[in-house]
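Quick mapping for you: the protein sequence lines, in order, are chains A and B.
Mapping of the first sequence onto numbering that gives the first Met the number 0: residues 0 to 389, in sequence order.
Mapping of the second sequence onto numbering that gives the first Met the number 0: residues 0 to 389, in sequence order.
Hints in this document: simulated from the structure, not taken from any laboratory.
The reader is advised that the hints may include incorrect statements.
Lysine to any residue pairs mimicking SDA-like chemistry, simulated, CA-CA at most 20 Å apart [what the hints assert, rightly or not]:
#: 1; chain 1: A; residue 1: Lys-332; chain 2: A; residue 2: Ser-368
#: 2; chain 1: B; residue 1: Lys-243; chain 2: A; residue 2: Asp-295
#: 3; chain 1: B; residue 1: Lys-332; chain 2: B; residue 2: Gln-189
#: 4; chain 1: B; residue 1: Lys-243; chain 2: B; residue 2: Val-254
#: 5; chain 1: B; residue 1: Lys-332; chain 2: A; residue 2: Gln-238
#: 6; chain 1: A; residue 1: Lys-243; chain 2: B; residue 2: Asp-295
#: 7; chain 1: A; residue 1: Lys-243; chain 2: B; residue 2: Ala-298
#: 8; chain 1: B; residue 1: Lys-309; chain 2: B; residue 2: Asp-295
#: 9; chain 1: B; residue 1: Lys-332; chain 2: B; residue 2: Gln-306
#: 10; chain 1: B; residue 1: Lys-332; chain 2: A; residue 2: Gly-342
#: 11; chain 1: A; residue 1: Lys-332; chain 2: B; residue 2: Asp-295
There are 2 protein chains.
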Amino acid sequence: MIPALAPNLRTAFDRLRTITFGADQPLLLSSGQRLSPLTIAYETYGELNADRSNAVLVCHALTGDQFLAAPNPLTGRPAWWPRIVGPGKPIDTNRFFVICSNVLGGCMGTTGPASAAPDGQPYGLRFPGVTVADMVRAQAMLIEALGIDTLFCVIGGSLGGMQALQWAAAYPKRVFACAPIATAARHSAQNIAFYEVGRQAIMADPDWRAGDYLQAGVRPSKGLAVARMAAHITYLSEQALRRKFDRALQDRTAVSFGFDADFQVESYLRHQGTSFVDRFDANSYLYITRAIDYFDLAADFGGGLAQAFKDAATRFCVFGFSSDWHYPAAGNKEIARALIAAGAEASYVEIDTDKGHDAFLVEEPHFESALTGFIDAAAAARGLSLAAGG
Amino acid sequence: MIPALAPNLRTAFDRLRTITFGADQPLLLSSGQRLSPLTIAYETYGELNADRSNAVLVCHALTGDQFLAAPNPLTGRPAWWPRIVGPGKPIDTNRFFVICSNVLGGCMGTTGPASAAPDGQPYGLRFPGVTVADMVRAQAMLIEALGIDTLFCVIGGSLGGMQALQWAAAYPKRVFACAPIATAARHSAQNIAFYEVGRQAIMADPDWRAGDYLQAGVRPSKGLAVARMAAHITYLSEQALRRKFDRALQDRTAVSFGFDADFQVESYLRHQGTSFVDRFDANSYLYITRAIDYFDLAADFGGGLAQAFKDAATRFCVFGFSSDWHYPAAGNKEIARALIAAGAEASYVEIDTDKGHDAFLVEEPHFESALTGFIDAAAAARGLSLAAGG
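Go ahead and model the full structure; you've got the sequences and the hints to work with.
Encoded structure:
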């Protein structure tokens, strides 16, 4: 594993918790290729109960990682879902065994384009193209290795929500409850377009070197920063940007008539770009965005979304945010409708907020209370007590 | 003038119609700097009538040019507003004298960052920062040089609409009618953010060379293409992208599991990027987007939008498009409200369409008929006959 992160992070990679599947357990990919060896980096929180019925799998989003409830020891970044996962939180780690694994193709310990290929060199573009279904198959290998047959709940936002839907569609008997949040069952043309802008920005950077930048000791930081900036705009609503920044100037009383960050929103966006490049691998960004582009659950299951869930014994709660224009609330509502059409027990909760797509990551009390209600009701149906590890 | 276009276009620059203001007529800029000499490239269509009362000034958008009703002889691109301007069209060139000038800071003959500075070298980043007010002041010099005191109508979409508003605010007695289309009286934080992504993409391209690429014989084509791609997404609605492309594949029956343009929307967007770089100068893109960022008409006139129009004798018709998320219809409606609050004769027309911001550039029959109605009523009020040149 050759991590593609900033040099100061590289030596810390052996501190990650991982499991490796060898040549006897290749991962069969949607493309028909086989990936081996496969390392999955993951974190767990809480205790697995005696009958192994209290496991919650949290799936992370495009640029997330497995450190959802504690700081990432490599990057020093705080936990990304501390309001949702932890002692006494909606997903209570006194009660549930919570698992989160770095996604296939990622760059926080799970095998991805920055990992060493069998020849010892980084894969780069030799890494096979992956899909959301592949990400879920890899997670399923981890879950089996942990000795868990049925997950109590699979939950995630954005790409994490796609993985949650894919879990329920691919393994209908192994998911008791499922909470897809701010997600889509098919990636839209507009979203493909935004990701293509990001990929072109990365590939336009001469330091990308056709994907072989690690061997050259460089990274396409400028291109990756631009990609991150473009994507970041889609994660926030127009209203939130107006509320937070409007046209306020940054550290000045008058415009510069130049190309400095005159406006606070520019400064904020530049910071989003530059702080991202130290913790994320550009090729991982290419591969994961491509997997998201390819996500079309209905097409994968013969054309109808209801068809994807025809065997579902899972209970669902789908969450949408009113100001999310990356994965609009209407699309999340459609998912719930398809689930109901498939005969599944499903509800849809729309949270009225101006915080846009990223609302699931920030303080949003109505989301937290609705999620708590869904988790608690499902736990009661599953016969899980309120006691620790119950 | 050293054009920053593709080499095959450069020799044709002397075929442009221009007027140059010398050292005795410097343009005083919003920044306090003076620009001299100033060349303005422009086109006219139709004939000015005897009492010089039938002149229509059309202001172009960010990447437009003066060739609105006939093909651009340099680029070979077709006229950009043929449905609106021409014989028998809503702005009838049998009746009106139509003027369109390349915007200050542009790259189609008007002085901009690719022009030769007094030292003979291209300005590059030595070009002074400009504003929409500066663009309008430059146009006013052209209009005066053409011997026109009062314009019958100033009209434009997007940045063109900002210029139209600025004309009416700055020269309330010299604009009889004004039609701002799909525009904004203040550029939003979200739009500043999108333009900042584009600027960062350009400036990240090593061929940008801190703005001095012309001297080096190169152009930051990759960065400019990424900038164009990011902006282009904002010109189309999500619905239009779905209707035109959805998830259709480009020249293939299955995805490639790679980074080719698998999807039609990717291919379309790449074409938008690559076809743009031959006809547009990267530094012009920086300067014009910055001018748009700075546009805040209310702030320029003491805080209230109505204040900007308190002396307006102009009659207005403001047009918004329902699916425009770049300059949302609501913002256009607000402009009309401010005009009415200022005591101006103003109406607002909202066109129900899925074509997004670019609806004003494509076939939109209700827009065309509403615009015709406004123009004809204003012409009658102005005492312009229906006869040619009347």
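Taking the hints in turn, this is what the structure says about them:
1. Lys-332(A) / Ser-368(A): holds (19 Å)
2. Lys-243(B) / Asp-295(A): OK: Lys-243(B) and Asp-295(A) at ~18 Å, within 20 Å.
3. Lys-332(B) / Gln-189(B): holds (19 Å)
4. Lys-243(B) / Val-254(B): Judged against 20 Å, a Cα distance of about 19 Å means the pair holds.
5. Lys-332(B) / Gln-238(A): holds (17 Å)
6. Lys-243(A) / Asp-295(B): Holds, at roughly 18 Å.
7. Lys-243(A) / Ala-298(B): holds (19 Å)
8. Lys-309(B) / Asp-295(B): holds (16 Å)
9. Lys-332(B) / Gln-306(B): holds (17 Å)
10. Lys-332(B) / Gly-342(A): Violated, at roughly 45 Å.
11. Lys-332(A) / Asp-295(B): Violated, because 38 Å separates the two Cα atoms, which is more than 20 Å.
Hint compliance for this structure: hints 10 and 11 are not met, and every other hint is.
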